[in-house]
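Those protein sequences? They're chains S and L, same order as listed. If you read the first sequence in the working numbering, its first letter stands for residue 1, the second for the next number, and so on. If you read the second sequence in the working numbering, its first letter stands for residue 1001, the second for the next number, and so on.
No wet-lab data here; the hints were simulated from the structure. Remember, it's a predicted structure, so these values are computed and weren't measured experimentally. Beta carbons: idealized from backbone N, C-alpha and C, even for Gly. You may find that some hints are simply not true.
With a cut-off of at most 20 angstroms between alpha-carbon atoms, the simulated EDC-like pairs for lysine to aspartate or glutamate come out as follows [as the list claims (entries may be wrong)]:
id, chain 1, residue 1, chain 2, residue 2
1, L, 1204, S, 163
2, L, 1435, L, 1193
3, L, 1095, L, 1113
4, L, 1341, L, 1124
5, L, 1168, L, 1131
6, S, 63, L, 1239
7, S, 261, L, 1431
8, L, 1337, L, 1063
9, L, 1435, S, 81
10, S, 63, L, 1113
11, S, 72, L, 1409
12, S, 63, L, 1091
13, S, 72, L, 1445
14, L, 1069, L, 1058
Label pairs and their calculated CB-CB ranges [claimed, not checked]:
id, chain 1, residue 1, chain 2, residue 2, range
15, L, 1316, S, 66, 39 to 47 angstroms
16, L, 1078, S, 218, 55 to 63 angstroms
17, L, 1081, S, 208, 55 to 63 angstroms
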Amino acid sequence: MADVAARSDALSSEQRRAPSRLRAFLHRKSTIAFLMTLPLIVLIAVLVIYPAFYALHLATLNKRMTQFVGVKNFTFLFTRETFWMVVQQSCIFALTAVFFKAVIGFIVAHLVHNVPNDKQRKWRGMLLIPWVIPPAMSTLAWLWLFDPSHSAFNWLLAHIGIDPVPWIGNANWARFSVILVNVWIGSPFFMIMYLAALKSVPDQLYEAAKIDGATWWQTMRYVTLPMMRNIIAITALFSTIVTFANFDIVRVLTRGDPLDKTHVFATWAFRVGIEGGDIPLGAAVSLFMVPILTVAAIFILRDINRRGNEA
Amino acid sequence: MKLRNISRRRFIVQTGVGAAAAATANLAAPFVHTAHAAGSLTVGMWDHWVPGANAVTEKLIKEWAEKEKVDVTVDFITSQGQKLNLTAVAEGQAKAGHDVLFLTAWMASRQAELLEPVDDIMADLIKENGEVSQVAKYLAHIKGTWRATPSTFGAQMKGPASRIDLLKKHAGIDVVEMYPAGAAPKSDGWTFDVFLKAAEACHKAGVPFGIGLGTTADSVDSIGAIFSSFGAILVDNDEKITVKTDNVRQVLDYCKRLYPLLPPDAPSWDDASNNKAFVAGQASMILNPPSAWAVAVRDAPKIAEQTWHHSMPKGPSGRYASFLQPHLGIWSFSKNKSAGKSLLRHLSSRASAETMVAASKGYDIPPYAKFKTFKTWAEVSPPKGTLYHYPDPHQDQILAVAAMPSPHDVASQIYAQGTMTKMVVRHAQGEAMEKTLAWAESEIEGFMR
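For reference, chain S alone in the conformation it holds in the complex:
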């Protein structure tokens, strides 16, 4: 009887404590953080994770989507000449574009950094315009500049006696044009990231370097670049992923023409899967980006972690 009474006391005190425990749980920083990120997690689950697994499922089906064929779609792709051309083009496109975006972003970030503070805001705003305009829209404007018959660039060239350039009519020029537009759109992202990194470098380091008699190049080599290294790596990683997976620029500008010489993974996957009616093969093409990007991500993130630990 006494035991029962004691248990009932314990129960009531536990019941009393329950709301406060729940309140404590809800007030915990990690809980708040989780709840605040929950909408994003749900969105990612619905719009990224589910489609990714569905694409994986599709890639294992036959052309009529009636039979499981395992990895046959992937092995089939290895035998296709166009597939290897797309792999090569995607690599050329992503690496060249990221390199030029990084270089231009780096230079422009330094230029803006040296502009007096009161005028910097204006410059930052103007330079970000290419990045904030929806790419499909700005690419359409570029398409009009490159238009086969009515190119504004060619009109200008004609005025100085230069023959018209087949901007999107010749394979090499078309590749150049696609990369140029990607660099134009993406450079401001690098610029703003590098500018933030530059602003976080302590002035004392530059003062110390100056006292030690460091030249401009030595300051850059031993102070600026090491301090920006992580940001450079992360920006390059993000940009590589986004550039590899690019669809809109190529789709709007060249649709992969001429002769498939400007196709990247996403546009070729669309051509094969949606336009050509072979959805499983299209899914297999799009999934080929995953291992390439995973390897890139592992290397870059491992390097960042290592340096983080060293610090």
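Fit chain L to the given chain S structure using the hints.
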């Protein structure tokens, strides 16, 4: 609040009486034909290029809905950016969506297993309206079953739209005399050899033929018609690859001679490029439905006045024209198939077809043999009669779609990938004939996996 206690016996008696009364009332009550007694129907149509064509077709559908007591919803979906095809593929995957959907050329065969057979409708329509074109039959009569009805709305011929003045001046060809309005064509001399000479003359004069060599529909259809005229088929009916044949070699050789006479950037042309070149006065001929002419009527009337639509030149295997035939299909998962079938019958009637042709200013071409002589084509201007020969009223041409008669799975890939235009560009840019043929053969082997 006081609740009444109801005993089991009382409940059974009362509900039994109530049910009996309700049943009696139901039997006795007359059938009330409510506003939407025949259920609801959702229709996905193509968003037509021609301004005003959507509204007229929507009106036709609404009139039918009112008469049949159907609650109908019509969505006009653009084909820009493949949105219409994406809709069809997504609805097929999800097995949900519209009840009736506009299917672009290859979609009826791609979704055949998910489309309600319409043999009953087609038997009646053919009996009533005359035979359908072989393109319509090829695209939607799958394994002996009609899977969709050929649509007037959006059906188009991609024959020559020529500049009367420029062809007369530079090539000495009078297209109006060759294809007189209201009379049979005098086209015996209109061959691909003459076409090549005319292309050369116009190229020299700085107004080349505006034929694209990209991978979009206009380019593929143009080159597809030339291939057909030379009897160049890449895969035959029996799924045998026939790339390495004399006919294919002959057409590639012809196209290699034509290539330098076309605009230098033709390999990058899309479906807007030929229209723009024509309206800008830079091209003396394009292979297109009358959309470029319609724009010229508005923006460049002097060019519109000099535009004449006529048939393709004749090749060694005949005079072939590309005909893009869309269809209207009812999904097998539709909840109102009977209403869907009734709508398809309504839209396939002579009156509906004539209304749609008039609304599209002659752009749409009905698929039935008896529907090729509507007054719209004879009357629209300027110049009067420019569209008389557009629907091929004298059956001067053999209608085909690029890659026909290859099996659908392969043909739709050949079409979507622009295999034929790529063959032309590769060979014309200097690749050896046999290398181009080997490349095409390898591509097609891939499509046939």
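We went through each hint and held it up to the structure:
Our distance criterion of 20 angstroms between C-alpha atoms is met by residue 1204(L) and residue 163(S), whose separation comes to about 18 angstroms. A hinted pair counts as satisfied when its Cα atoms are at most 20 angstroms apart, and residue 1435(L) with residue 1193(L) does not qualify at roughly 26 angstroms. For the hint linking residue 1095(L) to residue 1113(L), the alpha-carbon distance of about 12 angstroms falls within 20 angstroms, and the restraint holds. Taking the CA atoms of residue 1341(L) and residue 1124(L), the gap is about 12 angstroms. The hint holds against a cut of 20 angstroms.
For the hint pairing residue 1168(L) with residue 1131(L), the CA-to-CA distance comes to about 37 angstroms; that exceeds 20 angstroms, so the pair is violated. Annotation: proposed proximity of residue 63(S) to residue 1239(L) holds, straight-line Cα distance about 16 angstroms (limit 20 angstroms). A C-alpha spacing of about 15 angstroms is found between residue 261(S) and residue 1431(L), which places the hinted pair at or below 20 angstroms, so the restraint holds. Straight-line distance between C-alpha atoms of residue 1337(L) and residue 1063(L) comes to about 19 angstroms, which keeps the hinted pair within the 20 angstroms bound.
This hinted pair checks out: residue 1435(L) and residue 81(S) have alpha carbons roughly 13 angstroms apart, not beyond 20 angstroms. The suggested pairing of residue 63(S) with residue 1113(L) holds, with an alpha-carbon distance near 14 angstroms, which does not exceed 20 angstroms. Restraint check: the Cα-Cα separation between residue 72(S) and residue 1409(L) comes to about 18 angstroms, which is no more than 20 angstroms; the hinted pair holds. Between residue 63(S) and residue 1091(L), the direct Cα distance comes to roughly 18 angstroms. Compliance with the 20 angstroms bound is thereby established for this hinted pair.
For the hint pairing residue 72(S) with residue 1445(L), the CA-to-CA distance comes to about 15 angstroms; that is within 20 angstroms, so the pair holds. Distance hint between residue 1069(L) and residue 1058(L) is fulfilled; the C-alpha atoms sit about 16 angstroms from each other, no more than 20 angstroms. Between residue 1316(L) and residue 66(S), the C-beta spacing of about 41 angstroms keeps the proposed range 39 to 47 angstroms intact. Look at residue 1078(L) against residue 218(S): about 59 angstroms separates their beta carbons, and that is inside 55 to 63 angstroms.
The beta-carbon spacing between residue 1081(L) and residue 208(S), approximately 56 angstroms, falls within the hinted interval of 55 to 63 angstroms.
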